[in-house]
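One letter stands for each residue in the lines below.
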Amino acid sequence: MKPIETRLARLARKGDQRAFAEIVDLYKDKLFHLAYRMMNNRQEAEDVVQESFLRVYKHLDRYDENQKFSTWIYRIATNLCIDRLRKRRPVYSLDAESSDHEGLDGYAMLPSDDRTPESELLLSETQRIIHEAIETLPVKYKSVMVLRYLQDMSLQEISDVLDMPVTTVKTRVHRGREFLRKKLEHKL
Amino acid sequence: MKCSDAARLMHDYLDQELPRDQCKLLQLHLRECPQCEARFRALERTDALVHAMPAVSVPDDLASRIMKSLPKSHKPKAWTGWVQRHPAASAAAFFLVVMLSSFVAMWNQDDQLKLSGDVEHVVVRGHTVIIPAGQTVKGNLTIENGEAQVLGEVEGNLTVIDGNVTLASTAHIAGKVKTVDRALDWVWYKVTSWFDTVAYGS
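First to last, the sequence lines map onto chains A and B. Using this note's numbering, the first residue of the first sequence is number 103, and each one after it goes up by one. Using this note's numbering, the first residue of the second sequence is number 226, and each one after it goes up by one.
If we strip away everything but chain A, and leave its shape as in the complex, we get (with noise of 0.2 angstroms):
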């Protein structure tokens, strides 16, 4: 018996709205936490969110049953936010040191989604220093940052999202973890 996922994308596949609806169920409120943590911004999160099952429901006949449907999903998703963020550089990589060294770039600049009183309300002192941490992660950093530590996904199942080696999965969430250690270290 194939997993409930799939059977579902089958049905969906077949032009059942209601299958297609459990399927975001599932799935809108683990995209929408991995885009907001990705993008820091909540409308961007959700227009990432939404871009995503856009995605999914137009290339259900192209889902390769043989891999997880989770693991589809968040490649769909994650692919999306590191290419919004890359199309972010331009505009503010004038001000950022050379980008490629490990610590602050043009990511760093960005304004925070301030708008919605949730950040300045519901994070404690901690929460928020934390979050602005992760927030100027590098963005190859970034990403399996929060698939490890935010989605609570295995080494090989971020390697399988991203499409990567295990072997740079692992180097990442390495060189990421000393990011932040240095970068809490000085403020907790």
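Quick caveat, the hints were computed from the structure, so don't treat them as lab data. The beta-carbon is built from N, C-alpha and C at its ideal position, and this holds for glycine as well. Misleading hints may appear alongside valid ones.
[Unchecked claim] For each label pair, taking beta carbons as the anchor points, the in silico distance ranges come out as:
1. B/Ser289 <-> A/Arg112: 17 to 27 angstroms
2. A/Arg120 <-> B/Ser315: 27 to 37 angstroms
3. B/Pro259 <-> A/Arg109: 49 to 59 angstroms
Dock chain B against the given chain A, drawing on the hints supplied.
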């Protein structure tokens, strides 16, 4: 153990991938090296703090907005999908269907008895066309899907398709008698008669 090696082991430990024996080695090193000990504590703390980040609240109407953003006319695409994946096979199948259906249609069309030419002097009984004794068919006579029983005279050609001809002793046919039985002959006959029509008019 060098401190750089210890750092690698710390991360492996936090990835939950450090074998037991190496764990022991790391432990020994941390007891001896306060710097690494501090680093390990900081990493462990970072790990726990990041892990404990609460989930953000998801907009209530997100699901309905997603569903609304989908293209409306999503019909089952299995068929068109197959066509897209196998263009050559689809073209071949389409061609075959068209050819077969037109052939069958042409064939079925002539299931019934059909007469053409001078039909005033013949008698039809079921699938048998009789040219009675003493009668004269003036010109050609063509019979499709029927038998011809000739007792009288035919001044032109007699053509019988998918049937046969019985000639009585009194019969007299001035032109040629032609019977067409097989499909190939039938097609050939259709083609030549079509050319006749084009060339001379019916």
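Results of checking the hints against the structure:
1. B/Ser289 <-> A/Arg112: 17 to 27 angstroms: At roughly 24 angstroms between Cβ atoms, A/Arg112 and B/Ser289 fall inside 17 to 27 angstroms, so the hint holds.
2. A/Arg120 <-> B/Ser315: 27 to 37 angstroms: Taking Cβ atoms as reference, A/Arg120 and B/Ser315 lie about 31 angstroms apart, which means the hint holds.
3. B/Pro259 <-> A/Arg109: 49 to 59 angstroms: Holds, at about 56 angstroms.
In this structure, none of the earlier numbered hints is contradicted; all agree with it.
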